[in-house]
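Peer 1: The primary structure of each chain is shown beneath.
There are 2 protein chains.
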Amino acid sequence: MGALDEGHFIAELENGMKLDSIELSSEEEPATTAIEDAVKVLLHGLGEDINREGLRKTPLRVAKAFREGTKGYRQKVKDIVQGALFPEAGLENTVGHAGGAGGLVVVRDIDLFSYCESCLLPFQVKCHVGYVPSGLRVVGLSKLSRVADVFAKRLQEPNRLANEVCSALHHGIMPAGVAVVLQCLHIHFPDLESAFLDPSHQAWVKALVCSGSGVFENEHADVWDDFLGLLKFRGINKDSTVMRHSSDQSWCPARSCSGAKTSTIVESINPGMITAVASIISSLGEDPLRKELIGTPGRFVKWLLNFQNTNMDMKLNPVHLNPDVEISFKKKQMQSELNLSFWSQCEHHLLPFHGVVHIGYFCTENLSTIRKSLLQSIVHFYGFKLQVQERLTRQIAETVSSLLGRDVMVVVEANHTCMISRGIEKCGSNTATIAALGQYSTDPVARATFLQSIPNTSISQL
Amino acid sequence: MGALDEGHFIAELENGMKLDSIELSSEEEPATTAIEDAVKVLLHGLGEDINREGLRKTPLRVAKAFREGTKGYRQKVKDIVQGALFPEAGLENTVGHAGGAGGLVVVRDIDLFSYCESCLLPFQVKCHVGYVPSGLRVVGLSKLSRVADVFAKRLQEPNRLANEVCSALHHGIMPAGVAVVLQCLHIHFPDLESAFLDPSHQAWVKALVCSGSGVFENEHADVWDDFLGLLKFRGINKDSTVMRHSSDQSWCPARSCSGAKTSTIVESINPGMITAVASIISSLGEDPLRKELIGTPGRFVKWLLNFQNTNMDMKLNPVHLNPDVEISFKKKQMQSELNLSFWSQCEHHLLPFHGVVHIGYFCTENLSTIRKSLLQSIVHFYGFKLQVQERLTRQIAETVSSLLGRDVMVVVEANHTCMISRGIEKCGSNTATIAALGQYSTDPVARATFLQSIPNTSISQL
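Residue numbers (our numbering), protein chains in the order written: chain Z, 646 to 1107; chain F, 646 to 1107.
Any given hint could turn out to be false.
Here are some of the chain Z residues that sit facing chain F, going by a computed Cβ distance under 7 angstroms [said to hold, decoys possible]:
#1 V751
#2 D754
#3 R782
#4 D867
#5 G1073
#6 N1075
#7 P1089
#8 A1093
#9 T1094
Please keep in mind that the hints were generated in silico from the structure rather than gathered at the bench.
This structure is a prediction, so every number in the text was calculated from the model and none was measured.
Idealized CB from N, CA, C, for every residue including glycine.
Next comes chain Z alone, as it looks inside the complex:
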């Protein structure tokens, strides 16, 4: 029970702020500067002007995001748990079946995010933690979430994350056992070609992993049934936990590319960019030569190069649909293409944002198949760049207007990774932007009609 006396940590750690900022502002500053320099190399490699207004502070933002997103390397579980262990009598002397010390305690649905060690993109985690107290001690409930976050805020892979959280809680609380279930969601960016060729591309890769210690070490132990019985409310049942001890290393979609193809591409890219990413990894406190990290710089650069400034020449063929030809005596009707998927890269943070584009226009009714693929091409063209959503919206509207006539309305709905993986961590938030031209700009009824045609589910399905 000596841990209860070490309360001097709690003052600094209760809100987790002080230690971080001390580190960031003193001896860790060189790490931030090194990442900034590396990001400048990457921006150069993308053909960007690093003095462009929108990019000027991007290196600093990226450095801070990476440091913030990996602050777990600089946090200690002991500091969090000690001072938050409380004496609490159990009901019986048996372990595992009583309230207080003894009964199973579960915190469900903790939203976290982590960084994929294979590609450096953030992935989302829904974390469920359970433990069976012993030694007449329980831990403050919020500490389960804080400890999980320490390991999430590192370069990770779902199985290791689950194991590290489990092991750290076991050693920190010394309970009868700890169980961890993670539902992980990794964005699956299409590359440029497949974005055009495969409209049914799946945006997410999912993984469900578990880890257990003590009374949970045996995956067939009854106490797992109790734990998973409580999680059934959250859409998990025991049958789907077959991955519990899966050592599947290829959950990251960047790894599932054929090795040959990847290495060819990697060989053809600027070695300075690869070195820059390796230096970012070092600056985060990791060893770029760790087995799992060796291919990471190549994968990150390959992904980044999707957004190269000069990557794509838009091949929009106006022959397919010549507005002059269509000006007939037929009355033009309101048309729309909804839920055109887009993929883009936030130029402020070098983090993905993606979602759907809805386009309304007035046109006589023909050639609609060609029109849909044309509009999807326009959306991809402006998506695969360093972007901001407002500009993307405007550029799509301008281009569509030049092709399909002046009455155009564009709505872009997006999830921004930077909104969940930066300091603010607003997981549920999403963004919508509108551009309205011609009749749409002057006629509220036309706008309302178009907005009402957009399905409610357009963004939540992403």
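With chain Z held as given, fit chain F onto it using these hints.
Peer 2: Using the frame of chain Z, we list chain F on its own:
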């Protein structure tokens, strides 16, 4: 465009950590100490031993939670917005109908919490912000959330919160207009009597408020239709925004008690407790004599006194159901009472936690009406205290076991305000605890059968 040059703020403000911790660790320390002292007075007034292990650090935790929850008083919008304004060309020179500068930009579903100025309890906020850029400038999307949070982290009331966020963004960004819609949710604690007498007590009070500036100032402007059109996806339609300019001051359930009754109660309570709460309000940087805050200390103390140590003598009448009488030759069957509501107060943070209790037991089948009200009484008895969920679970199991026989299983599912309104802000998370006695502790099938009988929706409906 001079704002773009003031980048020296961004380094410190990008993750919002440094300034806070500097303040907390130096000149603001006296404020924290003053709150700690006040909390000790309150704990004494509740008849608690402030040296009890579970309470020893409660004054510090409460002080830090209050300071953290009101840090908006010590933040400046200018610092957040400046350095995050980006030049972005609009499509046309008209305001409000083009992408980039000109087109409507909306961030939806930002989860915030705030503190009610009438009762000092936290309330939840789902925040939607829109603005129409002008002057060829857009603001970084995450800043809309950060600015909203500055005003949420104060003692607030929904209408004022919406107006302050709107006004601050308007002055910070200088756009064509700003619109703010807030969906607010305030916990409605029953007092001791009504908890027993009114089983259909509604746990939440809701408020929907809006505020607009510039092109949104006229609530009938078309641009409101565009904004609300985008929000329709989130369950809001224009018809339900009639409260837009409502000046309803009584949304806080603590205010809706009849004035006479409240003042009688307030007169009867320890004036030292009232003074202590007033000193907390001062320490947060507010004026306890501000009109809206005058009755707050009395309301907070009245609510706190629900959890007085010696408040309630359990009047469980074992005559109603004598276990000896029931021991017959009839085979006992598994019985359960699900979704018994409970209300409690986290002794670590002096913040509410509440949810449902499910009780399984073996019994012959009779007297079930009496049994349900008896079990609900037991749940309330142990709920209306300074508690921890683990102990609550154990105490209910012990008491039920002494009345209904040794085979008892208790599951408590709860939402902890401290999990959303402390630093970790895990809005979606919730907690489950189990105690299993007698047959339930040895028979996994009995446990699984009981767990399966608990409806999926038991916690999400809260």
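Peer 1: Could you tell me which of the hints above the structure violates, numbers in ascending order?
Peer 2: The structure conflicts with hints 3 and 9, although it agrees with all the remaining ones.
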